[in-house]
Amino acid sequence: MTIKTLLEIQNLKTYFDVRGGVLKAVDNVSLTIKSGETLGLVGESGCGKSVTGASIMRLVPIPPGRTAGGKILFEGIDILKLPESEMRKVRGNKISMIFQEPMTSLNPVFTVGDQVAEVIRLHEKLSQQETRERVIETFRLVRIPAPESRIKEYPHQMSGGMRQRVMIAMALACHPKLMIADEPSTALDVTIQAQILDLMNQLKEETGASILFITHDLGVIAEMAQRVAVMYAGKIMEGADVDTLFSEPKHPYTMGLMSSIPILGIGKNQRRLSTIPGVVPSLFKLPKGCLFHDRCSVSLKECDQSEPPMIDLGNSHFVRCHKYV
Amino acid sequence: MSLWARIASPEDRHPFFDQIEKLFKNRTGLVGLIIIIVFSLAAIFAPLISPHDPNENSLYDQLKPPVWNLEGSTKNLLGTDDLGRDMLSRLIYGARVSLTLGIVSVGIAFLCGSLLGAIAGYRKGWPDNLIMRLMDIILAFPHILLAIVIVAYLGPGLRNAMMAIGIINIPRFARIVRASVMDEYEKDYVTAAKAVGSSNRRIIFNAIFPNCLAPIIVQASLGFGAAILDAAGLSFLGLGAQPPLSEWGAMIAQGRAMILRAWWVMTFPGIAILLAVLGFNLLGDGLRDALDPRLRD
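Protein chains in written order, with the working numbering: chain G, 640 to 964; chain A, 59 to 355.
A portion of the hints provided could be inaccurate.
Among chain G residues calculated to face chain A with C-beta under 8 angstroms, some are [stated by the list, open to error]:
id: 1; residue: M696
id: 2; residue: L698
id: 3; residue: K728
id: 4; residue: N732
id: 5; residue: S735
id: 6; residue: M736
id: 7; residue: E740
id: 8; residue: T743
id: 9; residue: S744
id: 10; residue: N746
Within a straight-line C-alpha distance of at most 30 angstroms, the following computed BS3-like cross-link-like pairs (lysine-lysine) qualify [stated by the list, open to error]:
id: 11; chain 1: G; residue 1: K843; chain 2: G; residue 2: K791
id: 12; chain 1: A; residue 1: K245; chain 2: G; residue 2: K764
id: 13; chain 1: G; residue 1: K720; chain 2: G; residue 2: K764
id: 14; chain 1: G; residue 1: K652; chain 2: G; residue 2: K962
id: 15; chain 1: G; residue 1: K663; chain 2: A; residue 2: K245
id: 16; chain 1: G; residue 1: K791; chain 2: A; residue 2: K80
id: 17; chain 1: A; residue 1: K245; chain 2: G; residue 2: K816
id: 18; chain 1: A; residue 1: K182; chain 2: G; residue 2: K728
id: 19; chain 1: G; residue 1: K720; chain 2: A; residue 2: K245
id: 20; chain 1: A; residue 1: K182; chain 2: G; residue 2: K663
None of these hints come from the bench; they were simulated from the model.
Ideal placement from N, C-alpha and C gives every residue a C-beta, glycine not left out.
Turn these sequences into a full structure, and let the hints steer you where they fit.
What follows is the structure in structure tokens.
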């Protein structure tokens, strides 16, 4: 049985023209998301993972941003070629987005119920009563208690976790096919984080929506995703099923990330937390050859010469490293 | 303190009520509000409370002094002008003219200024440059002079004076709205609004604009006072309200010749202007204190 491909990104290039040159925030990124699948996109700050998400929604500010190449096929249609008016019908309706900061992503002067209703009003012609019912139904879906009275509250009256639920309700209101979650749990404290992640997993089962889950937290990825792509300095370094990636990471960067996860407890496992030496290169001064070679512990002599190609290791495991040529 | 107040309060109120409460706690704002309410009531109920017809001439009662003067009488509490018209009645009817004029001219400035400012702040680039340079040109003219030019072009009269004052006040609103819109534009909820598929127009007017209202309301209140003052100036020059309409500025102009013989003809409309403008300015200051998030405790 083949599962339908929902979103296919081919060689996407999102560049920013800034003083001092061109920032290649997303460079030749290819990803696929199947129906009902969660794809985790991991990487350090500034590696281009959020820009990838914004590119799918076409929310990258132009200028300074621009799409320098590539295709984003959503249900077989290249959404980069859609006119803006058509794109508006996609946003919030077929593809929706959950943001990192529930504190600031809600409009402070409207009630949360109004804000969810606005999404429905934009995309569907429902009567006022039907809209209200849909809002309450969506609030129930995201497990907000007492939705009838909660819809009348303003964002400042809610806790962070509740606000993030409202954001998820806004994203779900029109039954989207794909949700882009840009670090949806990072701004929340750990217990709430777990609740929100649980909720998103349940909602994925209930609604069948695919999720592009953007995060820097490998622990969260392990819990959420079926497939994982590791991003570094604007490029995908490794992509695999979640089990494969965690059990046998192939790229030195992925291995470095894995060993940088602190292990709790005492005994023979206890050691100093290992780190990856150096810092993420500035997008202005990308190293020649492999982008990771100057931080890599196993770099070969061709690593600073030529950029490694994406290598298929079989079992849909891809890695961009000279070691496996 | 605010955190505890919020937790302690039995039910969460709309923040609007907190601001109203703050306005009432602020003495100057409250005084301003009371002055404006008194003037508004006088304007609304002018036919009921004014003792005489404001345009009724009385040849026997010319230039009667106010009641506390030895020659004054209770018939004309604030005296009469050179045509024997009752000063108090004329002042009360004058409040009607001044308030209407304030509403209309601030309304024009508010609507046009907000629209232009919002477009400039949201679009940036050449629309911003075009609109704001135009606003700079308007601001480069001395305030009243530009109003005089516009009235001279349109012809004297209260209606044209209102339009002129509206036009010269557009830049004030445009600048404030532009700055607030640019400020709000950076906020996450704007990106969120885009992400759910809102059109640009909806984002500006439904999402951003309501968040910019605080400084605009303050400006509207201050602008009201300024508009009354400007209109009085135009009427004083004979370009605004035309006789026999009882407009405060026109009344001052008319009483100017007899300041030495009959001081009250000119002084009372002057005090009326002073109080009205003061009221709006105090209210404006009070609103600024109540609405400015930086001044919140």
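We went through each hint and held it up to the structure:
1. Here the hint on M696(G) is kept, as its CB sits about 6 angstroms from the closest CB of chain A, short of 8 angstroms.
2. Given the 8 angstroms rule on beta carbons, the hint for L698(G) holds: about 6 angstroms separates it from the nearest Cβ of chain A.
3. Restraint check, K728(G) versus chain A: the minimum CB separation of about 7 angstroms is within 8 angstroms; hint holds.
4. For N732(G), the shortest C-beta to C-beta distance to chain A is roughly 6 angstroms, which falls under 8 angstroms, so the interface hint holds.
5. The interface hint given for S735(G) is met, as the beta carbon of that residue sits about 7 angstroms from the closest beta carbon of chain A, less than 8 angstroms.
6. For M736(G), the suggested interface contact is upheld, since its CB lies about 4 angstroms from the closest CB of chain A, less than 8 angstroms.
7. The criterion of a C-beta within 8 angstroms of any C-beta in chain A is met by E740(G), whose closest approach is roughly 5 angstroms, and the hint holds.
8. Look at T743(G): its Cβ gets to within about 4 angstroms of chain A, closer than 8 angstroms, so that hint holds up.
9. Taking 8 angstroms as the C-beta cut-off, the interface hint given for S744(G) holds, the closest approach to chain A being about 4 angstroms.
10. Because the closest C-beta pair between N746(G) and chain A is about 4 angstroms apart, less than 8 angstroms, the hint holds.
11. Between K843(G) and K791(G), the direct Cα distance comes to roughly 27 angstroms. Compliance with the 30 angstroms bound is thereby established for this hinted pair.
12. For the hint pairing K245(A) with K764(G), the CA-to-CA distance comes to about 29 angstroms; that is within 30 angstroms, so the pair holds.
13. Between K720(G) and K764(G) the CA atoms are separated by roughly 26 angstroms; this keeps the pair inside 30 angstroms, and the hint holds.
14. The suggested pairing of K652(G) with K962(G) holds, with an alpha-carbon distance near 26 angstroms, which does not exceed 30 angstroms.
15. Restraint check for K663(G) and K245(A): satisfied, since their Cα atoms lie roughly 25 angstroms apart, inside the 30 angstroms limit.
16. Between K791(G) and K80(A) the CA atoms are separated by roughly 23 angstroms; this keeps the pair inside 30 angstroms, and the hint holds.
17. Taking the CA atoms of K245(A) and K816(G), the gap is about 27 angstroms. The hint holds against a cut of 30 angstroms.
18. Under the criterion of a C-alpha separation no larger than 30 angstroms, the hint pairing K182(A) with K728(G) is consistent with the structure, at around 25 angstroms.
19. For the hint linking K720(G) to K245(A), the alpha-carbon distance of about 28 angstroms falls within 30 angstroms, and the restraint holds.
20. Simply put, K182(A) and K663(G) have alpha-carbon atoms about 25 angstroms apart, close enough for the 30 angstroms limit, and the pair holds.
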